[in-house]
Amino acid sequence: MLESYIQSYNEAVFETDKQAALEVVNQALSEGLSPEDVVFKLVIPAVEAMMARIEKDPDSNLAQHFMTAQIAAEVTERMLEKFSRPPQVIGRVVIGAAHGDLHSLGKRIVIGCLKSMMVEVSDLGVNVGAEQFVDTAVAEGAQVIAVSSLMVHTAIGDNGARRVRALLRERGLEGRIKLAVGGAPYRFDPELYTRVGADAWAPDGVTAAKVIVQLIHEVKL
Amino acid sequence: MTPLEILVAAATGRPAPRIPIFCNLLDQGARELGLHAKEYFQSGAQVADAQLRMLRRYGHDNVWCLHYVGKEAELLGCREILFADDGAPNVADFVIKSWDDIAKLEIPADITQHPAWQSIAECLAQLHDEVGATHPICAYVTASTTLPAILMGMDKWMELFLLGPHDLRDELLRKCSDFFRQQIAALRAAGANVLVYSTPFGSPYFVGKDKVKNSVLPWMQRDLQPGGTADVVYYCGMAPFNEVIDLVFDELDIKTHYISPLDDLAEAKRLVNTRGLTCGVIDDIKMIRWTEQETRAEVKRIIDIGKPGGHFLFGTGVMPLAIPEANIRAMLAAAFEYGRLA
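These protein sequences, in sequence, are chains X and U.
Residue 152 is where the first sequence starts when you use our numbering, and the numbers rise one by one after that.
Residue 1393 is where the second sequence starts when you use our numbering, and the numbers rise one by one after that.
Just so you know, the hints here were simulated from the structure itself, not pulled from any lab data.
Treat the hints with caution; some may be incorrect.
[Unchecked claim] Derived list of chain X stretches under chain U, where covered just means 3 residues or more per stretch with a C-beta under 8 Å from a C-beta of chain U:
hint, region
1, 178 to 191
2, 245 to 257
3, 313 to 324
4, 357 to 366
[Stated by the list, open to error] A few chain X residues that face chain U, going by a derived Cβ cut-off under 8 Å, partial list only:
hint, residue
5, Thr-167
6, Leu-173
7, Ala-203
8, Lys-207
9, Asp-210
10, Asn-212
11, Ile-307
12, Arg-346
[What the hints assert, rightly or not] Subject to a maximum C-alpha distance of 27 Å in a straight line, what follows is the list of computed DSSO-like cross-link-like pairs (lysine-lysine):
hint, chain 1, residue 1, chain 2, residue 2
13, U, Lys-1601, X, Lys-207
14, U, Lys-1603, X, Lys-169
15, X, Lys-207, U, Lys-1603
16, U, Lys-1548, X, Lys-361
By construction, the Cβ of each residue, glycine as well, lies at the ideal position given by its N, Cα and C atoms.
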């Protein structure tokens, strides 16, 4: 039964049909799934299935990634209110668009997926300076800083990810806080992330959530 | 032959000494004149002057009348652009901040009277006077289905586009399409002869092939219907679109396709074939770190794929400022060398 829910839910998401996806969730609830089950046995496996699907199907599109994140985040938020006790958070992430960059779509996809996977997210918004990323990560005990850039100059600029890396090094934080990057320039040059000093990158927002969760686990080991 | 004649020859399959070679040097203009970006973009004469200087220095085929993409937002009421001296300007003030703003959005009755248009007119007039008879003059026009992204932010637009309210979405699209029609006509009248139709939502990478066909195509048809498509280039903001090339031929009659470096160029060439012009585009973000030899090798690879059978143009993306001068020269030298035709 669960597999059928996951399949129906993901088909709806893949067709970017939010209404149909929410109907699957409502049906699952009415047929006895608890809010915890909806999140842990339906939404999270569905997001993970989507990650696997995207990996195999490079032709998946931005609209599908966006809907995956939006629906997962919305359902999770609704279900969390009904949980019998607060869920265990797997980690914390500080995310924002790099200094000089005012684009927010990719970041929003990553945040939606992370929230559904029980990762606490501090969204610093757009045009975020390197100091703010690091200061917030330290203050909130985040394991990962995620920097999004849609433009080349904000990806490679001196006050972007490179400066975040330099600050982590200067402050002796490299073992405690990992740096992830994403955005269009990294898709065009998959080696670029190493040149800006990041630990990891992802070609799309949904995969980025997976990569960030892996980094959280690395830090916590 | 002039660069303009070479372009026409490539598009129509007539003999020419070489393939057309487009190099899109936009943000480099401020550096060329030793100005800060904000100061540089204030004057259309400066933008034209920088384009002409770079044309003389590098010898490529095209010039641009494009200040920055946010110029279109300024024509629709944007009051703040975030300039950078190391890259492209950003829209820093969204015209549409809430759904109510869609109803309030007004398309100027005549954009050529708008203060933000004057530097475009000045730039085009100078380019037209100096090289209009010999060189392609490129201008950039954002499709109605993509323009809302710079008016309200891509995430908000994606949400409205996919989830509605659909009457509000269509009201915005109608306004953007009306603006588009006015802008492309004004650019043509002022002397632009290559209209780059920027339509990322026309890429399956953005919304999937079915949505391109069912939701985006009707608006693209509305955008382009009045002036035709003979001078229009299909461009999806560097996103892949091989999957819809046939659709674009059949339904829009656009014959020039600016292929994404992320697409399979050989497949694109097969699809376009002799029906139009395949533009093979180098991944110029990698040119930031490539050596001159690597740059040359990539130019050769692209031209080896595209040149046989003709109907081919070599081009660049938006050439980040961080690309070393030596790589620009290496790229163009290789393009002229490998792009020679018997």
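query = Which hints, by number, does the structure contradict?
reply = Hint check: 1, 3, 4, 6, 7, 8 fail, others pass.
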